[in-house]
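Chemist: Read off the chains here:
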Amino acid sequence: MVASAERPELFSGLFARHADPLYRHVSRRIGPEAAQDVVAETFLTAFRKRGRYNSAYPDARPWLYGIATRLVARHRRDEMTRYRALARTQAESAAPAADDRVVTDLTATAARSALAAALAGLSAGDRDVLLLVAWADLTYEETARALGIPVGTVRSRLNRARRKTRAALGANPLTSMDEE
Amino acid sequence: MDEMTELRDLGRALEHAPPPLTAPEFTGGVRRLPSLRGWPALAVAAAATAAIITVPAVVWSGGPESSPAASAPAQADSSAELRKQATDPATWAVGLSESGKYPAITSAQSGVDSEAPQQWDVMIGVYTSPAADSDGCEIPTDKEPGEKPSCAEITTKAVSPDAEETSVTKLLDTLTFKAQGAEADGSTGPAALGTVQETLTLRLGDAGRRGEFLDALAKYPGAERDEKATDPIGRPAASITIPGTGQSHWEIFYDAATAKYLGGRYTDGTGKEPFATVILDMAYGTKGS
Numbered sequence: 000m001v002a003s004a005e006r007p008e009l010f011s012g013l014f015a016r017h018a019d020p021l022y023r024h025v026s027r028r029i030g031p032e033a034a035q036d037v038v039a040e041t042f043l044t045a046f047r048k049r050g051r052y053n054s055a056y057p058d059a060r061p062w063l064y065g066i067a068t069r070l071v072a073r074h075r076r077d078e079m080t081r082y083r084a085l086a087r088t089q090a091e092s093a094a095p096a097a098d099d100r101v102v103t104d105l106t107a108t109a110a111r112s113a114l115a116a117a118l119a120g121l122s123a124g125d126r127d128v129l130l131l132v133a134w135a136d137l138t139y140e141e142t143a144r145a146l147g148i149p150v151g152t153v154r155s156r157l158n159r160a161r162r163k164t165r166a167a168l169g170a171n172p173l174t175s176m177d178e179e
Numbered sequence: 000m001d002e003m004t005e006l007r008d009l010g011r012a013l014e015h016a017p018p019p020l021t022a023p024e025f026t027g028g029v030r031r032l033p034s035l036r037g038w039p040a041l042a043v044a045a046a047a048t049a050a051i052i053t054v055p056a057v058v059w060s061g062g063p064e065s066s067p068a069a070s071a072p073a074q075a076d077s078s079a080e081l082r083k084q085a086t087d088p089a090t091w092a093v094g095l096s097e098s099g100k101y102p103a104i105t106s107a108q109s110g111v112d113s114e115a116p117q118q119w120d121v122m123i124g125v126y127t128s129p130a131a132d133s134d135g136c137e138i139p140t141d142k143e144p145g146e147k148p149s150c151a152e153i154t155t156k157a158v159s160p161d162a163e164e165t166s167v168t169k170l171l172d173t174l175t176f177k178a179q180g181a182e183a184d185g186s187t188g189p190a191a192l193g194t195v196q197e198t199l200t201l202r203l204g205d206a207g208r209r210g211e212f213l214d215a216l217a218k219y220p221g222a223e224r225d226e227k228a229t230d231p232i233g234r235p236a237a238s239i240t241i242p243g244t245g246q247s248h249w250e251i252f253y254d255a256a257t258a259k260y261l262g263g264r265y266t267d268g269t270g271k272e273p274f275a276t277v278i279l280d281m282a283y284g285t286k287g288s
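Order-wise, the sequence lines are chains P and A.
Numbering of the first sequence is given in numbering that gives the first Met the number 0, commencing with residue 0 and proceeding in unit increments.
Numbering of the second sequence is given in numbering that gives the first Met the number 0, commencing with residue 0 and proceeding in unit increments.
In isolation and in its complexed conformation, chain P is listed as follows (with noise of 0.2 Å):
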């Protein structure tokens, strides 16, 4: 049996198995169209420093999405203008009624305009703390080993954005009428 000693194709199957979440999760900062590109070069970021993947690590998320992470970083501008027309769009949608449901949907609308509000506000190491923890399901220390930083930097950073996020859902009359 003759092997070769380098096999790049084996990473076609991290790609299998990541790609479609890594995706998902992208789409969510910076819309579609930008989070394929993002995703390929995700990948062949990965591919071309595979060899200093510390392999004593089980998990191949926390470093790909560490990598996704710094390259949504190019991707700011977007990335904000996103949230801030999320934010604007639904803050003019959200309408005063009678009904009970439609209540209930401006309720939800108000938040995420609130939400969306809150994320554009924060600065990019607080928000992609947050997003990993709460969007990509990171524990602290996947989130730490993504990032290259410490896990109680994690810990300092997660608690200041929930802090911004958490007030700016209060302050919101229609999010705060839901917590009554």
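Simulated from the structure, these hints should not be mistaken for laboratory data.
Note that CB positions come from ideal geometry on N, CA and C, so glycine has one too.
You can trust all of the hints, since none of them are fake.
With the C-beta cut set under 7 Å, the calculated list includes, among others, these residues of chain P facing chain A:
1. A18
2. D19
3. Y22
4. R23
5. P31
6. R111
7. A133
8. R161
9. T164
Listed below are several chain A residues computed to face chain P (Cβ distance under 8 Å; list not exhaustive):
10. M3
11. E5
12. L6
Given the structure of chain P, go ahead and fit chain A onto it with the hints provided.
Modeler: Chain A only, in chain P's frame:
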């Protein structure tokens, strides 16, 4: 509803279903890790030995001093050595540890300076990263899950039945990287063999999941499955052979009916005697006990 729940809702609302994504063309060589070449010969031998026999490393219930991690390098005629160690099946039987929480195992491996099968009731799998230095990193001896190693280059995977939750996807990821990145220092075979061993003995207590993992392993590029093989001490077994760097290859032996791991063998392709380990008997821990 708290802000994290609201945020997750927002995420779902913003998400787009993935279009058919095409994998980029993955071609080209591995960007090499710092090479071991040029290190003193002793350091190279120590690192290679550590990569082989500390994955998984085993820790006696009696304490770290009994750990075979510091055992001698592989000796000639490993099969004969293993057969000698495994001559008395009556000594194989194991029971669970006192708590019943951890897997218990009796094993023998070539290169261990002992003729007696070894019994462990607490095991800690240690992955050695490709760039790990054998100096300066103590193998952790903690028995509790979740303990962090003192050295950044070594990560423990505490062995408890909870580890069964590890997904096959994650394990395949690990293998993928071991098969690629680890090639940089020539330790692909031992490292990957260690991962498979740890997976089959320590992580997957459920026969169905072991079977699933073995099926996935058999589909690994270049892998060959043989339902009528013989393990290193002559027991009938199924095997999966995985190609490594150059002429090297590693073989996984398991019971076809129960998917129980029986042992592994790594042949480096240079004519040296293969390194082998056999599991004589083992009992899986009780989840959540």
